[in-house]
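**Student:** Spelled out, the chains give:
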Amino acid sequence: MICPYCGSRLSKRDRCDRCGEDVSKFKKLYMAANKYYNNGLMKAKIRDLSGAIVDLKNALKIDKKHTDARNLLGLIYLEMGETVSALSEFVISKHFQPENPVADYYMNLVQETPTKLDSLNQIVKRYNGALAYAKQGSDDLAIIQLKKVISMNPHYVQALLLLALLYIHAEDYDRARKVISKVLKVDVTNTSALEYLDYIKLTTGVDTKTASAPSSSGSAIAKTSVKENDVITPISAYSEERPNVIAWVNLVIGIIVGAAFILVALVPGIKKNAVSEQRTEIVALGEKIQKLEAEVAEKDNEYASLKQDYDEAKYKLDNPEVPEEDQQVQEEPSQYESLMQAASYFLMDKKDKASDRLIEVDTEKLELPEAVTLYNKLASELFAEQADKVYDEGHKLYSDGKYEEALEVFAKVLKMNPEQLSAIYFTGRAYHRLEKYDMAVEYYNKLINEYPDSGRAGEAKERMAELKADGKID
Amino acid sequence: MLDFEKELEKFKPSLEVDQAEEAIYHNDLSDVTDIVKDLVEEIKNK
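Protein chains in written order, with this note's numbering: chain A, 988 to 1461; chain B, 31 to 76.
Pulled out of the complex, with its shape left as it was, chain A reads as follows (with noise of 0.2 angstroms):
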């Protein structure tokens, strides 16, 4: 179970762990949407496909970051036919969640081969026009329409719902009866098709069951009544044999053709297709070698600036006759090599090593102005992202027991976010933990003081109930 306000994994508890927020009733709703995905998946094991639909859309209502749920809808399209469908659910799920090997799995099936994908698209658009020509009245082009999209994709089930009614229009009512049962066989409480074939049955008067069943003789005598003065011929089944050379011509005739064909048609346009794709592999590649120099060439800039700004502070502080204003930042030199260090280590995209020199510094004892600019600059840049980051390690050894590192690492992130609460909080527990009863109340009193409203602060209070009765403070 995942926390709605902050994405962070639920434990038993009632609150989240890492931002304090009561979720108690989200995880009512959690147990809702996972009891319809368990009806869903039983009902797809038994190939109730059109049950599972309806469970699967619930579970999927109550919880869209189902991905469990989503993945098997986009897995029972794919079995029905309906591939776009199929890989939107595919799509959303991966959106929700990143790190997702069924969908993934699922999508490379589908997206295997570029033809692959486009050959499904094919079938789909055969049935959307073998739909207009029914919806036209011309059920024969349908029918051969349907005929070849059936043969493609054997279990695309409306594909096999539409073909079944245009049958059942015709009143061929044998050849919409077994494709029927192809629907009923992919899904077996289809309703449409249950229903088309209550209707066969009453038009027709004929049991489905018994008409679909195969002849337990298997002989090939004509089920017809028989009366006592009728004479019952049975119909050999046995022929003699007999070589018969022209078809072997024939067949032999055919696969030279097909493979001339197939050398003079197709090979040239394979070898046409795998030329355009390299080239526009090619073409891309070039891009991305710009888009790359481009960024290269814009870090080499910052980096001469910054450098420049560097060696004209190191000059200031190795000059001996700097001028009296300056003399102070000789004094501390250890405040600027830190900033030139975090500076550097943020054009090499080393953000931790960047944050950690960083909250080195002491902005109060930076003179320069153009320093503090770049403190300020470099602050609003890393501090937001890596101070949760820092909370995760600090909350990591909280969860060890290992208090005294814990608490060093929740003096970073507040140096880096002093309203990050569930440090403020962690930072109390810690020295509660360590029996440091007065350090605990003071950063309990600061969550309850100055910010009353948040989670955090209900927690703080309950602690401070806690260390009163056990008598650790007044």
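Just so you know, the hints here were simulated from the structure itself, not pulled from any lab data.
Below, computed lysine-lysine pairings styled on DSS-like, alpha-carbon distance capped at 25 angstroms:
id, chain 1, residue 1, chain 2, residue 2
1, A, K1122, B, K40
2, A, K1165, B, K36
3, A, K1172, B, K42
4, A, K1012, A, K999
5, A, K1012, B, K67
6, B, K36, A, K1112
7, B, K42, A, K1165
8, A, K1122, B, K36
9, B, K76, A, K1448
10, A, K1081, A, K1022
11, B, K40, A, K1135
12, A, K1433, B, K74
13, B, K42, A, K1044
14, A, K1112, B, K40
15, B, K67, A, K1048
16, A, K1433, A, K1459
17, B, K67, A, K999
18, A, K1122, A, K1165
19, A, K1103, B, K42
20, A, K1052, B, K67
21, A, K1032, A, K1165
22, A, K1188, A, K1172
23, A, K1012, B, K76
24, A, K1134, B, K40
25, A, K1112, B, K42
Pair by pair, the computed Cβ-Cβ distance ranges are:
id, chain 1, residue 1, chain 2, residue 2, range
26, A, D1425, B, V70, 29 to 37 angstroms
27, A, A1371, B, P43, 43 to 51 angstroms
28, B, E39, A, A1371, 52 to 60 angstroms
29, A, S1106, B, V70, 44 to 52 angstroms
30, A, P1405, B, K76, 23 to 31 angstroms
31, B, P43, A, P1141, 14 to 22 angstroms
32, A, D1375, B, N75, 22 to 30 angstroms
33, A, N1432, B, K76, 21 to 29 angstroms
34, A, E1372, B, N75, 23 to 31 angstroms
We put the CB at the ideal spot given by N, CA and C, even for glycine.
With chain A fixed as given, assemble chain B onto it according to the hints.
**Tutor:** For chain B alone, kept in the frame of chain A given last:
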């Protein structure tokens, strides 16, 4: 009695690949969790 015209109307064209992007963007992704979250926020802000 099966009404062919009415049954035919129930069939809708399937989505094609070039409509996928539109289908994803227009997918209504608000869920009960969002609604509850908004309600909790509203109560907190009162």
